[in-house]
Amino acid sequence: MGSVVLTVLSVTIGIFFIFIGTLKLNSSISTEIYREMRKTFIRRAKVFPLVKQTGWKPNPHFYRKVIGTVEVISGVTLLAIPGSLKQVANVSLLLIMLSDIYTHYALDEGLERMSPAIVFALLLSCRLIIHLQLRAREGAATNSNVRRPSTSQFTKKVE
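Quick note: the sequence shown uses the working numbering, first residue -14, plus one each step.
In case anyone wonders, no lab produced these hints; they're calculated from the structure. Among these hints, one or two may not hold up.
Below are the BS3-like pairs computed for lysine-lysine, each with C-alpha atoms no more than 27 Å apart in a straight line [unchecked claim]: (1) LYS37 x LYS24; (2) LYS37 x LYS50; (3) LYS31 x LYS50; (4) LYS24 x LYS42; (5) LYS24 x LYS50; (6) LYS42 x LYS31.
Beta-carbon label-pair distances, calculated as ranges [claimed, not checked]: (7) ARG98 x VAL76: 18 to 26 Å; (8) VAL(-7) x LEU96: 23 to 31 Å; (9) LEU119 x LYS31: 40 to 48 Å.
We treat Cβ as the ideally placed atom computed from N, Cα and C, and that holds for glycine.
Given these sequences and hints, build the entire structure.
Below, the structure written as structure tokens:
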């Protein structure tokens, strides 16, 4: 059951981030949304989370393109690529969502603008937790199937 939930979450989240990342990268889907994304990233670059630590402010258009590209690549990874790369994509998207929450907070945009990022951060966290639980369960099943020698094999008969 857990792997079904993990698969459904991976597919749903993957499709969403492919769509959102594509909106950030080009105007083929919606010119209006693309223009709004461009304006949004101009504001976001001013409150970039690592400015205080690094002193570096990203170019808003480069910042938007990097975030959009990471979202598309991570979405494709969650959707189609098996293995541990899914966890890297999951953590990457989770960090982007946490950065998005911080940005909305720093810009004082309110909960209504912040709520999609909160919801997807929770979904990504749930996906990561489910994966870790399945991995732990598989590890426990593997350990219980390993035949361990009994202590009687190691005791020497004293006569």
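Structure-based check of all given hints:
1. LYS37 x LYS24: Given pair LYS37, LYS24 holds - Cα atoms ~23 Å apart, limit 27 Å.
2. LYS37 x LYS50: With Cα atoms ~22 Å apart, LYS37 and LYS50 stay inside 27 Å; holds.
3. LYS31 x LYS50: holds (16 Å)
4. LYS24 x LYS42: With Cα atoms ~16 Å apart, LYS24 and LYS42 stay inside 27 Å; holds.
5. LYS24 x LYS50: Distance of about 13 Å is within 27 Å: holds.
6. LYS42 x LYS31: holds (7 Å)
7. ARG98 x VAL76: 18 to 26 Å: Hint holds: Cβ distance 24 Å, inside 18 to 26 Å.
8. VAL(-7) x LEU96: 23 to 31 Å: Holds - the Cβ-Cβ distance for VAL(-7) and LEU96, about 27 Å, lies within 23 to 31 Å.
9. LEU119 x LYS31: 40 to 48 Å: For LEU119 and LYS31 the Cβ distance comes to about 41 Å; the hint holds.
When the structure is compared with the earlier hints, no violation turns up for any of them.
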